[in-house]
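Turn these sequences into a full structure, and let the hints guide you.
Residue numbers (this note's numbering): 2 to 452.
Treat the hints with care, since some could be wrong.
Said to hold, decoys possible - Below, computed lysine-lysine pairings styled on DSS-like, alpha-carbon distance capped at 27 Å:
no., residue 1, residue 2
1, K356, K409
2, K427, K442
3, K393, K435
4, K399, K427
5, K160, K106
6, K280, K310
7, K160, K114
8, K340, K319
9, K245, K45
10, K399, K452
11, K427, K409
12, K245, K302
13, K427, K280
14, K393, K266
15, K280, K358
16, K319, K302
17, K114, K78
As the list claims (entries may be wrong) - Derived CB-CB ranges, DEER-like:
no., residue 1, residue 2, range
18, A227, I52, 26 to 36 Å
19, D307, P284, 19 to 29 Å
20, L261, V336, 17 to 27 Å
21, N376, D410, 20 to 30 Å
22, T394, R143, 46 to 56 Å
23, Q243, K280, 56 to 66 Å
24, K399, R143, 48 to 58 Å
25, W46, L287, 48 to 58 Å
26, E390, Q243, 55 to 65 Å
27, R210, P79, 21 to 31 Å
28, P284, D368, 37 to 47 Å
29, N355, P378, 34 to 44 Å
30, E221, G136, 15 to 25 Å
31, F94, E390, 56 to 66 Å
Treat the hints as calculated values from the structure; they're not laboratory data. Backbone N, C-alpha and C fix where the C-beta goes; we use that ideal spot for every residue, glycine too.
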Amino acid sequence: MKKSLLLLSFTLLAYANGIAQVADKKENSKEANDAVIQEDTYNKWTIELNIGQSKGTRPYTTGYYSSNPNSVLGSVKPNYYNIGVRYMFSPKFGVKLDGSYDNFKNNTDTDSKPFEVDQIRVGLQGVVNAARLFGIQEQIGRFGLLVHAGFQYASVTPKLDSGIDPIGGPSNYEFTENNFGVMFGISPEFRITKRISIIADFSTVANFRQHFAWDGHYSEQDNNLAGQLIMGSVGLTYSFGQEKLHGDWAIIEDKRIEELDALDKRIGELETMMNDADKDGVPDYLDVENNSIPGVAVDTKGRMVDINKNGIPDELEKYMANNFVDKSQAAQSNVEMVKKLINDGYVTTYFDFNKTKPTNVSTEGIDFMLTYLRNNPDASIEIIGNADEIGKTPANDKLALQRANSVKDILVKAGIAPTRLNVISKGEDTSVDKDSAGARKLVRRVTFRVK
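In structure tokens, the structure reads:
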């Protein structure tokens, strides 16, 4: 008996060590489990078949015993056959109904008197998935650990006629006694396929109204109707249902985490939408013209106010009208003012990262230059391409030139002579912090200079 307990302890220690080694491979846990599936989409039913050895540890009548003290585990001989079905209410908790047949005999290699007893047992137990309860199912991968406990009802029948009971009275041959007790056990698992796994089970039973000793004779009165039985077995389990994996193995995503991730994503989108690149007070998601001149009034869509549609914002026209009285001088001043605005970089066209096509909202700059060139047929301009500092300098120089050529092509197709347009690559613009995504947007642009 002591050797049995020693081996059981060693087995559990080896199993725990195996779990610890598998835990070091957490990054591969999802591959080991084959799938990540949503909550309530796992199989809940399992059928189990086991074979092993069961031994009554007490009571025995003097002169009767089943173990061989001179051999490992007291001579292992299969005498225990079990079938059970388990249903999991949740990934952690379930219920198990099982039945077993035991045949207890004396060990022929010992001096025990002969005996033979049959037991048919039925048990109803609660089951806890310990791996999932402690949150280690992802780390241990294909391994699993179940803990079960509950009540058992057994029918015990002596099968060998000894003539007379040692403590008096007739033999109990073929006389059946019904026992009631509680049981507790642990069941390590290892999944072979998505539905089949190997299972080992180590259980103990404590009876509360056992009249017979395990050799089939009446127990001594001082045993107080108590009896104890231990069982060890191995077998296979098969999970069935419409899903690919049983709840013992499936990695089940927490719906609350999904909701938090979705909320975080929505907040990020809102923050992006509320950006205001040109600082005109209109968020970018509403801003049709996100490169408006600072300080110039805009409408609700971020467009600079230009009621007379002459291509010059009304606030700039008002400024020129207030500061230039003579009409001829005013006209010339208007031209010079527009030229200064262009040459100072107020008129721009922006591009997305590593793109040569202007963004939809920045075509106002090209339209401004088209209007200027049409109203000033003798004027020529330089189209200056810029890039941010992300990437290699030669590639950025080329990208800046391609952006300038892209704007030139648009103006040429709009009717402006190519001879009036000179393309220049300014390359990388180092005037902003290259580590700021928002700042880099401001230098991926094309500016203009009137000759």
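Tell me, which hint numbers fail for this structure? 12, 14, 20, 28 and 30
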